[in-house]
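Q: Taking the hints into account, I'd like the entire structure generated from these sequences.
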Amino acid sequence: MKDECTKFLPKIHEWIEGCADGETALLAQLHLRSCHRCREIVKEWQLIAQEIKSSICIPTPEGFDERLKRRLSEHQLVSWRELAVSWSLTALGAVAFAFWFGISLADVVRSFPQWLIGAISWSTSPVQWLQKFWDLISRWA
Amino acid sequence: MDDAALVRRCLEGDKRAFDELVQRYRDRVYGMALHLLGDKDLAEDVAQEAFLRAFQRLTLFDPNKGSFSTWLMTLTTRLCLNALKRRGLEQQWTAEQEDETFELTELSENALSPEEEWWATERRMVVRKLLSTLHPMQRTVLLLRYGEEMSIQEIAQVLQVPIGTVKAWLFRGREVLRRKLKEVGLL
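First to last, the protein sequences are chains H and X. 116 is the number of the first residue of the first sequence in our numbering; add one for each residue after it. 1368 is the number of the first residue of the second sequence in our numbering; add one for each residue after it.
The set of hints was computed from the structure by calculation and includes no laboratory data. Warning: the hint list may mix true and false statements.
[Claimed, not checked] The list that follows gives simulated cross-link-like pairs (lysine to any residue, SDA-like), each with its CA atoms no further than 25 Å apart:
(1) H/K168 - X/T1500
(2) H/K168 - X/R1445
(3) H/K122 - X/L1548
(4) H/K158 - X/R1445
(5) H/K168 - X/A1450
(6) X/K1534 - H/T139
(7) H/K158 - X/R1490
(8) X/K1496 - H/E155
[Said to hold, decoys possible] Label pairs and their in silico Cβ distance ranges:
(9) H/G133 - X/D1429: 42 to 50 Å
(10) H/E138 - X/D1381: 48 to 56 Å
(11) X/E1387 - H/G178: 47 to 55 Å
(12) H/D118 - X/T1532: 39 to 47 Å
(13) H/L220 - X/V1528: 58 to 66 Å
(14) H/L207 - X/D1429: 50 to 58 Å
(15) X/N1431 - H/V223: 30 to 38 Å
(16) X/E1387 - H/D250: 52 to 60 Å
(17) X/N1431 - H/G137: 27 to 35 Å
(18) X/E1489 - H/L145: 35 to 43 Å
(19) X/E1550 - H/E119: 22 to 30 Å
(20) X/D1408 - H/L145: 45 to 53 Å
(21) X/E1516 - H/F212: 52 to 60 Å
(22) X/K1452 - H/G178: 27 to 35 Å
For glycine and all other residues, C-beta sits at the position ideal for the given N, C-alpha and C.
A: As structure tokens, then:
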């Protein structure tokens, strides 16, 4: 291979891949017009691309789908289990909180309307809502 | 039905839509994993993990940013590269492993005569074996560029390397493969 070709091949490669700037593209095309050897190499590159394209798909082993389905269903089971565990922990935490601060279920039911009003007024008067919230907490504490 | 529509149906809870996506892409995903890892069991494990992750993260797929196949192959390639890193990127296969990796279990090409089909299968086998002798990153870039038809920018994003590095790997990989194919008389 000529020295000139060795110098031009990376430029030709960039041009073929569509990432050459204007000057590089022009130089690559001019060289290709005058060099039979580089034209041959470009043809070989195109053949390689086709060969790789046709080699990429390989049939999966027998039972692939069944094993995948099993893994997917196991994952879904785990998700439900995780959800159940996290909800149980949250409920347990809430019960512990109520027990610690001496809040009974009756207190919660009684103060629910106040909470609701507080939540609604959140968008209009957050300071007021915070005051109400603080009052409730200090009353319970 | 196109991939984006299937993804939408999956997100609506239609499990058959995900099965359809698996049917469409399983050979490509497994093929990519086997090309990159060179180990059938590991390739199957990674291919299944890729589908599992795709299922878990389906809500993150944005059809406006690219196709489902690019998204799925990005997931697969990253999983393969992580597996390669765990195993040691530079580990070379033994000749024995190479021979066992790609068996003559090919999809039949109906348009070809038995002789042409046999010849096409032989060529693919040789190409796969020669691909497996390349440096893992050169092999990855060649497979993504010509196998998956990703752009150089997309490959740079998948591999999280500069565009210049992708260009260099692609150029070197293609040149090495060309020389090897010439040596065995396939070019």
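Q: Now, for every hint given, state plainly whether the structure supports it.
A: Taking the hints in turn, this is what the structure says about them:
1. H/K168 - X/T1500: Within the cut-off at roughly 18 Å; holds.
2. H/K168 - X/R1445: holds, 20 Å
3. H/K122 - X/L1548: It holds: about 22 Å lies between the C-alpha atoms, which stays within 25 Å.
4. H/K158 - X/R1445: violated, 31 Å
5. H/K168 - X/A1450: holds, 24 Å
6. X/K1534 - H/T139: Roughly 14 Å separates the two Cα atoms, so the pair holds.
7. H/K158 - X/R1490: Holds - the C-alpha atoms of X/R1490 and H/K158 are around 17 Å apart, at most 25 Å.
8. X/K1496 - H/E155: Holds - the C-alpha atoms of H/E155 and X/K1496 are around 24 Å apart, at most 25 Å.
9. H/G133 - X/D1429: 42 to 50 Å: violated, 25 Å
10. H/E138 - X/D1381: 48 to 56 Å: holds, 53 Å
11. X/E1387 - H/G178: 47 to 55 Å: Once the Cβ atoms are compared, 19 Å apart, the range 47 to 55 Å for H/G178 and X/E1387 is violated.
12. H/D118 - X/T1532: 39 to 47 Å: violated, 26 Å
13. H/L220 - X/V1528: 58 to 66 Å: 60 Å Cβ-Cβ, so the 58 to 66 Å window holds.
14. H/L207 - X/D1429: 50 to 58 Å: violated, 38 Å
15. X/N1431 - H/V223: 30 to 38 Å: Violated: the Cβ-Cβ distance is about 46 Å, outside 30 to 38 Å.
16. X/E1387 - H/D250: 52 to 60 Å: holds, 58 Å
17. X/N1431 - H/G137: 27 to 35 Å: 30 Å Cβ-Cβ, so the 27 to 35 Å window holds.
18. X/E1489 - H/L145: 35 to 43 Å: Hint holds: Cβ distance 39 Å, inside 35 to 43 Å.
19. X/E1550 - H/E119: 22 to 30 Å: holds, 25 Å
20. X/D1408 - H/L145: 45 to 53 Å: holds, 52 Å
21. X/E1516 - H/F212: 52 to 60 Å: Given about 57 Å between the Cβ atoms, the range holds.
22. X/K1452 - H/G178: 27 to 35 Å: holds, 28 Å
When held up to the earlier numbered hints, the structure conflicts with 4, 9, 11, 12, 14, 15 and fits the remainder.
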